[in-house]
Amino acid sequence: MKLHEYQAKTIFAANGIAIPRGRVAETKEQARDIATELRGRVVVKAQVLVGGRGKAGGVKVADTPAAALKHAGDILGMHIKGLPVRKVLVDEAAAIRTEIYFGITNDRSARKPVMIASASGGIDIEEVAALTPEKIIREHVDPFLGLRDYQLRHIASMIDLPREHWTAFAKIAHGLYSVFKNTDATLAEINPLVITEANQLVALDGKLVVDDNALYRHPELESMRDSDEETPAETEARTHGLSYVALDGEIGCMVNGAGLAMATMDIIQLYGGRPANFLDVGGGAGAEKVAAALRIILRDTKVKALLINIFGGITRCDEVARGVLAALETVAARLPMVVRLVGTNEEEGRKLLAEARMLTATSLADAAQKVVAAAGGAQ
Amino acid sequence: MSVLVDQHTRVVVQGITGREGLFHTRQMIAYGTQVVAGVTPGKGGEWADGVPVFDTCKLAVEATAANCALIFVPARFAADAMLEAADAGLPLIVCISEGVPVQDMILVRPYLDKCGARLIGPNCPGLLTPGSAKVGIIPGHIASVGTVGVVARSGTLTYEVLHALKQAGLGTSTCVGIGGDPVNGTSFLDVLKLFEEDPLTEKVVLIGEIGGRDEEDAAAFIADNYSKPVAAFIAGQSAPAGKRMGHAGAIVEGGAGTASEKIAALKAAGVRVARHPEELPALLA
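Residue numbers (the numbering used here), protein chains in the order written: chain E, 1 to 379; chain P, 380 to 664.
Hints in this document: simulated from the structure, not taken from any laboratory.
A few of these clues could be false.
What the hints assert, rightly or not - With a straight-line cut-off of 27 Å between C-alpha atoms, the simulated DSS-like cross-links for lysine-lysine are:
id, chain 1, residue 1, chain 2, residue 2
1, E, Lys81, P, Lys422
2, P, Lys582, P, Lys607
3, E, Lys55, E, Lys112
4, E, Lys2, P, Lys622
5, E, Lys304, P, Lys622
6, P, Lys493, E, Lys181
7, P, Lys545, P, Lys622
8, P, Lys622, E, Lys302
9, P, Lys572, E, Lys112
10, E, Lys135, E, Lys171
11, E, Lys28, E, Lys81
12, P, Lys607, E, Lys112
13, P, Lys572, E, Lys351
14, P, Lys622, E, Lys55
15, P, Lys607, E, Lys181
16, E, Lys207, P, Lys622
17, E, Lys289, P, Lys622
18, E, Lys135, E, Lys55
19, E, Lys351, E, Lys135
20, E, Lys181, E, Lys60
21, E, Lys112, P, Lys622
What the hints assert, rightly or not - Take a look, some chain E residues computed to stay more than 12 Å from chain P by CB distance:
id, residue
22, Glu134
23, Gly282
24, Ala368
Just so it is clear, CB atoms sit at the ideal spot from N, CA and C, and this is done for glycine as well.
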């Protein structure tokens, strides 16, 4: 789960990281009032859970409260990469001397947290990594020893941080590692971390992504969830315990198992179709779950045909077939459907569906070709 | 012999009295696996389908000489269960539970390494050695006895492949489901080494997916003098970047972990890569 900048920075500040003065606003009038309180130049920043908001015009500097009112009004109406902007953060504008990148994430291969730092802050770190990898410093953290001061001196020297800032940098790094650990984060990032004209180290922007699997022990973070991050279909899927990701294609997919669901999307693409979604209906695939999955897939009006691909291992195919038929009684689906059932009791399952005049398939390749044809042929 | 488990493996099931635990215990016993004990805190002294239940792993191991733990407990208790199994001296721990927090695994894995315990999973279907034992949830009847070693990150996709191999008249030596989490126990590379040393395994099928570098590491190892032919399939070629595809570890992050990178690395290592899972049996010919 991603947190908004204002949420992340509030947590950062509570852990001793210096952030600019500022507050979040939901209306342009609130933004103006915050600007009046802060006195002087402010930055009005869209709070939206996608990258690239600056380029999209979602970050504006205002010299007066009146200008803050105008910018906030413009930004609050915007959609950035499809997501509506409902809040803006109004921060005092910093006079920046130097921009640094500092973040902590998990290194899957090393199986431990890794600090990433660069003297080139303020821009997309992935771009820096691709273009000038030598400018990126990585330092692993031993999860049992925690973050050690010598490691921070190493990072500070490698990114040419002036010595007068080393103590302040160590405090910020320790604070960020505490946030990373204590929130079960998969990413805690300050970009940029700046040295201001007043010679202070300040976290101008903050990003925090939390491990969904650990949310049960962080109810305070779960309540910060922004439902705009998900589409209504994704929210419905989550409440039904289904794993769903919307895509742009025209062939809906319902599959049991994540790996098989991906492989099903791949084979649709291989035969010239485009998958409309990823959907893992999970184990069991009873009537209720199948019905919920059908409703979710059919919300997408781009869907022209549907492929149901179930491998019955422990689950019996005839049970799944009955589940599909029962679901179809509650969900009106007027589009072509191809069903592939393989595994335990597959023949019985296929017979039930064929009697209901559904298209059935035995092999994955056969199923993919049939559904691509049913959706109007290869794109 | 096969890798990791056989008819001599003595399994203790942690979470044996839960719905999943009990169901799969029955399936394993029916397959011929020796399930010698169960652990459910607070239910020590009871019996679950003829299997004695203990309050702790240590008690179970002392009483039954179990040598393999199989974990079905809810994700929030899984870290504790894995540590408990390692502390009880169990050398092989298979964790089926899905949804274990990454930071739990970051602490559990080094501790298990220190104890000398091998972990399979978490978020995995476990192990199947056709004809001799299954430790986990892979349906026994979908695979037949044979010489193809199968290693995979996913569940049903693996079953699909085992089934396709069987249909093509190819049997399996051992199937190892290593799990779909970003931080896990045994890797592709570890299993490739086991298959290399296993006289009953003649060919290997590797089923990978987007996310991480485990497939690339395996490719580098294969390129470096692997004696057995390897065929592979990588799921997620059509998956968009930045979206988690069901498995916690199946995500393309920062442009890394794409299917095309993995396929390229495997092909460069001489691995035959299938366009879809049903092509795999032919690639082993």
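When the structure is checked against the list of hints, which entries are broken? Sort them ascending.
Violated hints (numbers, rising): 1, 3, 7, 12, 13, 15, 19, 20, 23 and 24; every other hint is consistent with the structure.
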